[in-house]
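Chains as they are written, first to last, in the working numbering: chain U, 1 to 286; chain F, 1 to 286; chain V, 1 to 286; chain G, 1 to 286.
There could be a bad hint or two in this list.
[Said to hold, decoys possible] Below are the SDA-like pairs computed for lysine to any residue, each with C-alpha atoms no more than 25 Å apart in a straight line: (1) U:250 with V:5; (2) V:250 with G:9; (3) F:250 with U:250; (4) V:250 with F:103; (5) F:250 with V:13; (6) V:250 with G:105; (7) U:250 with V:250; (8) V:250 with V:161; (9) V:250 with U:272; (10) G:250 with V:105; (11) F:250 with U:56; (12) V:250 with F:33; (13) V:250 with F:38; (14) G:250 with U:126; (15) V:250 with G:50; (16) G:250 with U:61; (17) V:250 with G:250; (18) G:250 with V:5; (19) F:250 with U:7; (20) V:250 with G:47; (21) V:250 with G:238; (22) V:250 with G:94; (23) V:250 with F:250; (24) V:250 with F:105.
It should be emphasised that the hints constitute simulated quantities derived from the structure, not laboratory data. If you're wondering where the values come from, they're calculated on a predicted model, not measured in any experiment.
There are 4 protein chains.
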Amino acid sequence: MSPHLGANRYGKDGIRLVLVRRGAAEDDPHDLRDLTVNVRLEGDFDAVHTDGDNSAVLPTDTMRSTVYALAQQHLTGSIEQFGAALTERFLDASPAADTAEVGLREHAWSRAEGAGRPHPHAFVGGSAENSTATVTRTRSDGLDVRSGIAGLTVLKTRGSAFSGFLRDEYTVLAETDDRILATEVSADWSYGAGAEPAYDDIRATARAALVTTFSEHDSESVQHTLYAMGAAVLAGCAAVSRVGLRMPNKHHVPVDLAALGIANDRAVYVATDRPFGVIEAEVLRD
Amino acid sequence: MSPHLGANRYGKDGIRLVLVRRGAAEDDPHDLRDLTVNVRLEGDFDAVHTDGDNSAVLPTDTMRSTVYALAQQHLTGSIEQFGAALTERFLDASPAADTAEVGLREHAWSRAEGAGRPHPHAFVGGSAENSTATVTRTRSDGLDVRSGIAGLTVLKTRGSAFSGFLRDEYTVLAETDDRILATEVSADWSYGAGAEPAYDDIRATARAALVTTFSEHDSESVQHTLYAMGAAVLAGCAAVSRVGLRMPNKHHVPVDLAALGIANDRAVYVATDRPFGVIEAEVLRD
Amino acid sequence: MSPHLGANRYGKDGIRLVLVRRGAAEDDPHDLRDLTVNVRLEGDFDAVHTDGDNSAVLPTDTMRSTVYALAQQHLTGSIEQFGAALTERFLDASPAADTAEVGLREHAWSRAEGAGRPHPHAFVGGSAENSTATVTRTRSDGLDVRSGIAGLTVLKTRGSAFSGFLRDEYTVLAETDDRILATEVSADWSYGAGAEPAYDDIRATARAALVTTFSEHDSESVQHTLYAMGAAVLAGCAAVSRVGLRMPNKHHVPVDLAALGIANDRAVYVATDRPFGVIEAEVLRD
Amino acid sequence: MSPHLGANRYGKDGIRLVLVRRGAAEDDPHDLRDLTVNVRLEGDFDAVHTDGDNSAVLPTDTMRSTVYALAQQHLTGSIEQFGAALTERFLDASPAADTAEVGLREHAWSRAEGAGRPHPHAFVGGSAENSTATVTRTRSDGLDVRSGIAGLTVLKTRGSAFSGFLRDEYTVLAETDDRILATEVSADWSYGAGAEPAYDDIRATARAALVTTFSEHDSESVQHTLYAMGAAVLAGCAAVSRVGLRMPNKHHVPVDLAALGIANDRAVYVATDRPFGVIEAEVLRD
Chain U
1 MSPHLGANRY GKDGIRLVLV RRGAAEDDPH DLRDLTVNVR LEGDFDAVHT
51 DGDNSAVLPT DTMRSTVYAL AQQHLTGSIE QFGAALTERF LDASPAADTA
101 EVGLREHAWS RAEGAGRPHP HAFVGGSAEN STATVTRTRS DGLDVRSGIA
151 GLTVLKTRGS AFSGFLRDEY TVLAETDDRI LATEVSADWS YGAGAEPAYD
201 DIRATARAAL VTTFSEHDSE SVQHTLYAMG AAVLAGCAAV SRVGLRMPNK
251 HHVPVDLAAL GIANDRAVYV ATDRPFGVIE AEVLRD
Chain F
1 MSPHLGANRY GKDGIRLVLV RRGAAEDDPH DLRDLTVNVR LEGDFDAVHT
51 DGDNSAVLPT DTMRSTVYAL AQQHLTGSIE QFGAALTERF LDASPAADTA
101 EVGLREHAWS RAEGAGRPHP HAFVGGSAEN STATVTRTRS DGLDVRSGIA
151 GLTVLKTRGS AFSGFLRDEY TVLAETDDRI LATEVSADWS YGAGAEPAYD
201 DIRATARAAL VTTFSEHDSE SVQHTLYAMG AAVLAGCAAV SRVGLRMPNK
251 HHVPVDLAAL GIANDRAVYV ATDRPFGVIE AEVLRD
Chain V
1 MSPHLGANRY GKDGIRLVLV RRGAAEDDPH DLRDLTVNVR LEGDFDAVHT
51 DGDNSAVLPT DTMRSTVYAL AQQHLTGSIE QFGAALTERF LDASPAADTA
101 EVGLREHAWS RAEGAGRPHP HAFVGGSAEN STATVTRTRS DGLDVRSGIA
151 GLTVLKTRGS AFSGFLRDEY TVLAETDDRI LATEVSADWS YGAGAEPAYD
201 DIRATARAAL VTTFSEHDSE SVQHTLYAMG AAVLAGCAAV SRVGLRMPNK
251 HHVPVDLAAL GIANDRAVYV ATDRPFGVIE AEVLRD
Chain G
1 MSPHLGANRY GKDGIRLVLV RRGAAEDDPH DLRDLTVNVR LEGDFDAVHT
51 DGDNSAVLPT DTMRSTVYAL AQQHLTGSIE QFGAALTERF LDASPAADTA
101 EVGLREHAWS RAEGAGRPHP HAFVGGSAEN STATVTRTRS DGLDVRSGIA
151 GLTVLKTRGS AFSGFLRDEY TVLAETDDRI LATEVSADWS YGAGAEPAYD
201 DIRATARAAL VTTFSEHDSE SVQHTLYAMG AAVLAGCAAV SRVGLRMPNK
251 HHVPVDLAAL GIANDRAVYV ATDRPFGVIE AEVLRD
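All chains should be built: construct the whole structure from the sequences, respecting the hints.
Pasting the structure below:
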């Protein structure tokens with residue numbers, strides 16, 4: 001009847017890293033990277049929990065320091081490659097761990113456009129859209145990489161219907177063949193076996209496929225468009241084997257202008273926060 | 001090479017329900033319940049995604065209406081029992097679904113203490129602490145209930161150490177035998193086989209065990225105290241078979257007053273937001 | 001046509017201070033204070049802006065350090081007294097400033113109740129309700145203190161009407177003599193001339209007056225109840241000369257259960273987030 | 001000694017309005033506007049507060065309806081013009097009010113770029129940057145318009161120093177001639193007497209002036225750059241008589257890599273959240 005330890009893991013969340021890469025010459029343009037990194041370790045940490053024996057515990061403060069220590073050398077390309085280097089380091093530094101997982105989120109900055117040229121060292125930020133990656137390394141199975149995009153907010157004012165659905169005694173929703181469809185897409189994808197993927201190129205291709213398909217699809221439901229978007233990523237990105245999509249329905253409700261004595265030519269909507277529909281699905285390559 | 005649908009589910013998040021129960025007489029005290037409910041359905045929804053055929057889709061708007069429709073009759077006791085009724089209804093209403101999951105979060109209100117008595121119809125709220133439950137029903141396996149508490153914020157100023165940990169070249173953290181330990185506990189627990197548990201009584205017992213153990217434990221690490229807290233819930237609640245705990249480390253860093261020419265008698269700390277350690281583990285009954 | 005500097009001020013926001021006061025003996029209970037402090041200076045800072053001359057600028061980093069440096073000696077009683085000491089220091093340290101303003105917000109912790117007694121060094125937090133103060137000192141006029149409460153969330157299920165209001169062609173709101181009234185009260189008050197007020201006692205009295213009056217008042221509108229609450233603070237606190245109240249209307253809308261074929265005995269409500277009414281007013285002593 | 005009412009106002013916050021303007025032909029491109037609107041009325045509302053007499057109160061629900069009712073006809077150009085129409089309506093509809101204030105915030109959407117052209121009815125959003133306006137109308141003084149931008153996040157990696165500042169015993173900050181300067185600009189400006197300004201053109205010019213000056217300015221402090229940015233708006237926009245700027249200092253702290261045995265070629269920074277400096281000033285035309 002005594003208790004014992006089940007699944008467990010620990011790590012550090014919210015490690016904020018900004019990296020500036022300056023050229024050799026004084027006037028060379030600077031490059032800017034802005035990441036938030038999370039770290040998790042799993043393994044044999046029983047004695048930490050049951051006996052208060054910390055000898056196997058790499059402190060979470062060290063995880064933070066490690067992200068900073070490896071940045072200059074390893075954050076030279078994709079966030080996926082930086083994550084791979086970090087997981088390798090964490091398994092080396094923590095013998096008790098059998099799995100290291102690093103989550104990365106890159107915050108976009110674009111060069112300031114002042115003075116008629118992209119500025120060499122000034123940047124404009126503020127987008128909610130992030131590049132994401134989850135890099136997992138286990139001693140037994142090696143590296144697993146998932147790439148993604150979060151916060152991609154899209155809306156269309158035509159080409160979206162929702163009708164022919166199941167009705168019961170509590171169903172009051174009207175059918176529609178013309179509604180606003182809006183969502184904040186979170187996408188992540190896995191890669192098939194083979195050479196190291198061109199992570200950044202694939203992300204750009206996947207993003208274009210998501211936006212174009214959302215825009216062009218003749219939508220019968222969020223599910224219907226989500227599936228088409230996932231299929232488009234697979235069609236455009238040969239290295240991708242699986243796409244996961246989460247698309248909350250950011251409802252836009254037509255305002256009842258008739259009650260105000262005004263004709264509503266499908267023009268005035270209220271954007272609501274809560275409650276909201278949530279649609280999640282994976283699309284797989286056969 | 002054609003795509004196909006993988007795991008998928010859909011539902012409604014953020015359904016806000018406030019229920020007032022009034023007595024038979026004009027002056028009877030009122031009872032107040034304040035919940036946020038999430039709903040998810042899983043099952044055979046392939047044609048929705050691939051063909052735009054909505055005939056199997058119970059709208060998420062109907063999920064919302066159903067929560068309101070069932071509230072008066074079924075939200076008479078624990079949130080777990082309300083969730084069980086909701087999942088039963090959703091499987092009945094959605095033949096294509098094989099799993100219905102309902103997440104419930106109850107926001108606490110206490111009776112206003114004005115005028116020297118607990119007030120019959122005025123309430124004070126504002127606590128970040130919630131009662132939670134996740135109720136899942138499948139056609140094959142029936143009901144699974146997880147109960148919990150979220151947002152339980154605790155802090156102790158004595159009896160917390162962190163030393164003897166693994167060090168590497170990036171470890172700069174000092175060992176300490178006297179630090180502030182603070183966390184916001186999220187706990188959830190599962191029940192063993194047997195009669196329907198007394199959900200509310202168990203939650204009260206579990207909460208007391210969590211707070212008392214956090215307070216009294218001679219802590220060598222967050223992991224060490226987390227495990228003791230989980231074990232205490234198991235010891236106090238015979239019906240509970242598993243406790244999951246998530247305890248972010250709300251770091252309190254001693255201010256370097258020496259740099260300001262002032263002696264620091266372990267008095268002045270800065271509470272930091274990011275980054276923060278995260279410790280997660282399950283404690284199981286043998 | 002040349003530009004010149006108008007009103008300006010600068011300072012530091014979000015200084016987080018946790019102070020632990022331990023007794024002389026090992027087992028004495030600890031006291032815990034948890035504050036967020038903001039600082040602002042105003043004065044003759046023209047050359048900083050127009051010429052880039054920083055010689056008059058006390059860095060905002062020094063404001064932060066000063067809050068920590070003065071905590072042990074001056075945070076021994078009310079937040080108002082701590083604020084008064086800070087403003088005195090800032091005017092001494094910054095000759096160019098003629099006004100120093102310190103905003104303080106105290107986050108409440110209560111002693112953990114585990115093991116049948118208030119715990120000597122373990123605490124439970126998590127309330128959204130804060131004690132607040134804004135302390136302003138000018139070289140010409142000396143000290144001005146405003147005290148307050150923020151995040152006081154209250155709700156009543158009886159004794160609230162809203163009817164007889166102005167109607168125009170866009171008014172669709174139904175009159176009601178029985179609605180839920182809920183709000184998150186922000187209150188602040190000023191003191192008349194005289195001896196130093198007993199800040200903490202007055203805050204306790206004011207809070208009780210606010211809660212009791214909200215609970216007992218026969219409300220015709222938020223404005224009506226707000227005014228009664230302000231008047232009650234004045235009636236209960238002789239040292240208070242002015243009360244400012246901000247009371248957003250946290251709307252609770254009855255669900256249209258009739259559309260679902262169900263009778264609604266004034267029981268089921270949806271709590272909405274946006275939009276929300278906002279009522280602000282001051283109540284003054286003649 | 002009896003209480004009386006002081007300054008008071010009331011209104012509605014968070015009115016969410018999405019307006020779709022479709023062309024005459026089926027395939028004409030759609031225009032999308034997405035606003036959040038706040039409304040405030042001030043005037044003679046004493047009896048509402050003191051007597052519970054609602055006869056002078058236009059309900060805040062009517063304010064919401066009015067924003068929707070006027071959208072099709074009046075939201076045809078700038079948010080300032082829509083605000084002017086709303087304030088006129090509110091003073092007409094509320095005889096007791098002598099001041100109507102409307103705050104408007106427009107959320108930017110850009111046309112989706114899928115399929116090689118700006119899409120006629122699909123949009124991408126997600127920027128934190130908003131256009132803002134505060135339109136105030138009084139019966140005595142007529143219309144006052146303030147325009148602005150909020151959430152303009154900028155960062156530069158060169159050309160920012162902070163040195164030569166005042167030091168006291170609590171000053172530990174090091175001087176620097178090379179730091180990251182980052183801020184989230186909130187700007188608002190007023191107009192001089194004369195013809196109705198070209199609000200949208202001026203906003204575009206002001207934004208360019210803010211970004212270019214931030215980028216190019218040789219900064220001795222946030223204050224120094226703020227002033228130059230405000231002066232640049234005045235220089236570029238003849239119709240503007242006053243610019244107010246609020247620039248929180250989003251601190252980027254160099255990581256102490258030396259402690260990790262690594263040389264830091266000014267490359268690795270931690271972006272911190274709290275505390276943060278805040279600089280606010282107005283720049284006026286002589």
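How the hints compare with the structure:
1. U:250 with V:5: violated (44 Å)
2. V:250 with G:9: holds (17 Å)
3. F:250 with U:250: violated (33 Å)
4. V:250 with F:103: holds (24 Å)
5. F:250 with V:13: holds (20 Å)
6. V:250 with G:105: holds (22 Å)
7. U:250 with V:250: holds (22 Å)
8. V:250 with V:161: holds (15 Å)
9. V:250 with U:272: holds (16 Å)
10. G:250 with V:105: holds (22 Å)
11. F:250 with U:56: Judged against 25 Å, a Cα distance of about 22 Å means the pair holds.
12. V:250 with F:33: holds (16 Å)
13. V:250 with F:38: Judged against 25 Å, a Cα distance of about 21 Å means the pair holds.
14. G:250 with U:126: Status holds; Cα separation ~13 Å.
15. V:250 with G:50: Distance of about 22 Å is within 25 Å: holds.
16. G:250 with U:61: holds (23 Å)
17. V:250 with G:250: Distance ~33 Å between residue 250 (chain V) and residue 250 (chain G) Cα, so the pair is violated.
18. G:250 with V:5: With Cα atoms ~23 Å apart, residue 250 (chain G) and residue 5 (chain V) stay inside 25 Å; holds.
19. F:250 with U:7: holds (22 Å)
20. V:250 with G:47: It holds: about 23 Å lies between the C-alpha atoms, which stays within 25 Å.
21. V:250 with G:238: Judged against 25 Å, a Cα distance of about 44 Å means the pair is violated.
22. V:250 with G:94: Status holds; Cα separation ~23 Å.
23. V:250 with F:250: violated (31 Å)
24. V:250 with F:105: holds (19 Å)
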